[in-house]
Structure formats: structure tokens, C-alpha cells
Amino acid sequence: MECGTSSLSLPYKHAVEGEWLKLCKDAPSYANLNELENFMETCDKHEIVHLSESRGMNARYDQMRANVTDHRILTIENPDVKVQIIPSLGGRISSIIHKKSGKDVLQPANPETYGYPADGGYQESPVAIEIFDYELKESASGKTIVLDAILRNRSVENAFRYIREISIPASGAKVEIASTIEALPEEEVLAGEARPAWGVPSASARAPHLRSDRAGRRSLPGWTHRANLHSWNFPSRTKREGAVRNSG
Amino acid sequence: MKNVTGNKWALFNKESGLAVINTFDVQELDVATVSVSGADAVSMSLRTIQKPLRQGDKIAVHHSYEIVESLPVK
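Chains as they are written, first to last, in the numbering used here: chain G, 1 to 248; chain X, 1001 to 1074.
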């Protein structure tokens, strides 16, 4: 077999075509889900239990699955803002477009990065590249995409349910996000982290603290490099069979 | 120890003339950070308190992002 983890993991460029983020046609012939499944079956046959150091099989599988498949793009919009979400890339928000200016305020995915196509935009931890179910809800007050998935933390036994609601009002350039992690096993140690990456040239960016709350009399001590968050590292797990069933 | 004391901050982009105002519930968070990643992006992070959860226990976080045409930054 020609392919292995390195070739299946190498980022292959995707491009937006209508409601899809599609694998580009110049990707190698083995960049497809059938070849990936063949590879995983071969790993099973030879009792391989880790595809990346200490992270088992599913984390790398999720990455390879994302790399060799197409992804549906969901869009919710009002007269002021357009929000695009990709459920099969961990429910990532890929763009938030301010309609009046035409600007996307989020950082676009970079095909040169290791995690591509799950790169840029808005993401949350402990979610990675898993596939979410989704539902669109509309009312007079606005629109909401509800994302829902059962994720695995470290092992199949340690599972949690992750629900994220992404809402826009009927008008106004505003996005609201509500996320809930619910532990399914007897006991689990978890935290959540929202991580928007903004497409802002660093030389021009400033992020002043708006001291609008009663306690806000000092700057946020948390204004540090993300290296401080290295203690937070829960590789997520999606049951592989479920990922295949829902792919695309 | 909880490190987040504010409930709102904004990121200004002088080139686009836009700002994003991020509002959150301070009671839900432990740490909020901003970091520069490369030449073209700035990342924010809102992190909840890490804690053990029993079956059925939940962690929830609510936050919003409003895009406005920004004022000149000095």
C-alpha cells in the first residue's frame, strides 16, 4: 500500500464549492476514505495501538479523516453578519463576515499548517476534529445552530457530551456562543476553552480590557502567551465507527 | 484561583477599521488570554475552571462577539 500516516496526514488543500469544503482534485489518488479504512484495518491486523505518541488511534484517525474528505459548510446569516460552521471539523466556525465591510474577522485556515483543514477560525477545547450532529433553529429573534456530539477523553470509557449553540440575532453583527460539557462516566476532570483566532495583523492589533464591570479595576493577569495553557491537554476521542457513519 | 476580573474586552484592527467586542460571564471562567500567533492573527482564549465532574455534572460557558466599526486607536 502506498500510503501511511505521513501521506494521509499531509495537509491536502480544500476549497469552498457552494455549501462544501471540498478536497482539491490535485490531491493524490490514495487520499480518500476507503484507503484510510484499509490503512486502519491493516493497523488492527498488526495490533498497532498508537498512531501518535500516547494518543491511541482515534485522534490521528480524526485528523486523517478530516484531511481526505469533503466537509459540509452550514451558514446562518442576517442583514449584518454571515457565520459559517463546519460540523465535521469539530464544529469549527470557519468565518464570521461583517457584511457592511465584507471582511471576515476570523483567521482563514492555512493549508501549510499541521492541523489543516481544521485550522483557523473559532474552535473550543477539548473538542478537536470530531464530527458533530447539527440542527438549525429559527425564530423571530434569530437563528441558532445546535451542535451535539459524544466525545471520548483518553479512552472510550471516559466520554462526555458536548453541546454548542451558535446564535445570531435577527439583525446586528453579533454572534453568541453557549457551550456545555456534560460528564457521562462516573467521574471526569474537564474544563472548556473557547479559542477564536482573529484575522488581525499583529502589528495593528490591540486588545484593551474594557473596564465595564464593577471588579474590573486592574488589567487581566491572564494576558499571557498560550504556553501557560499547556497543562490543559485532553486529546479528544471520537468513536471511529461513528465518524465514518456520519462523514460528509 | 480565579484570574478573570472583567467581563468584556475588545480587539481592534486598525487596517480593517473593525473591532470585535467579546463579552463573557466572569463567573464561568478561570483565565482569559490574548496571544499573537504569527504575523497575521491574534488569538483569544477563555478557559473555564478545571474540575472533576461526576456523572451528569456539567460545565457551561456563555460568550458573545460583536463586530463594530472601531474608533481610532491611539
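By construction, these hints were calculated from the structure, which means they are not laboratory data. Please read all numbers here as calculations on a predicted model, not as lab measurements. It cannot be assumed that every hint is accurate.
Said to hold, decoys possible - Pairs of lysine to any residue residues, derived as SDA-like cross-links and limited to a Cα-Cα distance of at most 25 Å, are as follows:
1) G:K143 - X:E1066
2) G:K174 - X:I1021
3) G:K100 - X:I1021
4) G:K22 - G:T180
5) X:K1058 - X:T1048
6) X:K1051 - G:K100
7) X:K1008 - G:S171
8) X:K1051 - G:T180
9) G:K100 - X:K1058
10) G:K100 - X:K1008
11) G:K100 - X:S1043
12) X:K1008 - G:K22
13) X:K1051 - G:S171
14) G:K174 - X:S1064
Stated by the list, open to error - Calculated Cβ distances over 12 Å to all of chain X for the following chain G residues:
15) A15
16) D26
17) L33
18) A59
19) G120
20) Y122
21) K174
22) S179
23) L184
Claimed, not checked - Per label pair, the in silico range of CB-to-CB distance:
24) G:S101 - X:V1036: 18 to 26 Å
25) G:G102 - X:K1058: 33 to 41 Å
26) G:G172 - X:V1026: 18 to 26 Å
27) G:T42 - X:D1025: 45 to 53 Å
28) G:R161 - X:D1025: 18 to 26 Å
29) X:D1025 - G:A170: 37 to 45 Å
30) X:Q1055 - G:A178: 19 to 27 Å
31) X:A1060 - G:K13: 34 to 42 Å
Note that CB positions come from ideal geometry on N, CA and C, so glycine has one too.
Going through the hints against the structure:
{"no.": "1", "hint": "G:K143 - X:E1066", "verdict": "holds (16 Å)"}
{"no.": "2", "hint": "G:K174 - X:I1021", "verdict": "holds (9 Å)"}
{"no.": "3", "hint": "G:K100 - X:I1021", "verdict": "holds (17 Å)"}
{"no.": "4", "hint": "G:K22 - G:T180", "verdict": "violated (30 Å)"}
{"no.": "5", "hint": "X:K1058 - X:T1048", "verdict": "holds (12 Å)"}
{"no.": "6", "hint": "X:K1051 - G:K100", "verdict": "violated (42 Å)"}
{"no.": "7", "hint": "X:K1008 - G:S171", "verdict": "holds (21 Å)"}
{"no.": "8", "hint": "X:K1051 - G:T180", "verdict": "holds (14 Å)"}
{"no.": "9", "hint": "G:K100 - X:K1058", "verdict": "violated (38 Å)"}
{"no.": "10", "hint": "G:K100 - X:K1008", "verdict": "holds (24 Å)"}
{"no.": "11", "hint": "G:K100 - X:S1043", "verdict": "holds (24 Å)"}
{"no.": "12", "hint": "X:K1008 - G:K22", "verdict": "violated (37 Å)"}
{"no.": "13", "hint": "X:K1051 - G:S171", "verdict": "violated (37 Å)"}
{"no.": "14", "hint": "G:K174 - X:S1064", "verdict": "holds (7 Å)"}
{"no.": "15", "hint": "A15", "verdict": "holds (20 Å)"}
{"no.": "16", "hint": "D26", "verdict": "holds (25 Å)"}
{"no.": "17", "hint": "L33", "verdict": "holds (31 Å)"}
{"no.": "18", "hint": "A59", "verdict": "holds (20 Å)"}
{"no.": "19", "hint": "G120", "verdict": "violated (8 Å)"}
{"no.": "20", "hint": "Y122", "verdict": "violated (8 Å)"}
{"no.": "21", "hint": "K174", "verdict": "violated (4 Å)"}
{"no.": "22", "hint": "S179", "verdict": "violated (5 Å)"}
{"no.": "23", "hint": "L184", "verdict": "violated (7 Å)"}
{"no.": "24", "hint": "G:S101 - X:V1036: 18 to 26 Å", "verdict": "holds (23 Å)"}
{"no.": "25", "hint": "G:G102 - X:K1058: 33 to 41 Å", "verdict": "holds (39 Å)"}
{"no.": "26", "hint": "G:G172 - X:V1026: 18 to 26 Å", "verdict": "holds (23 Å)"}
{"no.": "27", "hint": "G:T42 - X:D1025: 45 to 53 Å", "verdict": "holds (48 Å)"}
{"no.": "28", "hint": "G:R161 - X:D1025: 18 to 26 Å", "verdict": "holds (21 Å)"}
{"no.": "29", "hint": "X:D1025 - G:A170: 37 to 45 Å", "verdict": "violated (23 Å)"}
{"no.": "30", "hint": "X:Q1055 - G:A178: 19 to 27 Å", "verdict": "holds (22 Å)"}
{"no.": "31", "hint": "X:A1060 - G:K13: 34 to 42 Å", "verdict": "holds (37 Å)"}
Hint violations for this structure: numbers 4, 6, 9, 12, 13, 19, 20, 21, 22, 23 and 29, all remaining hints satisfied.
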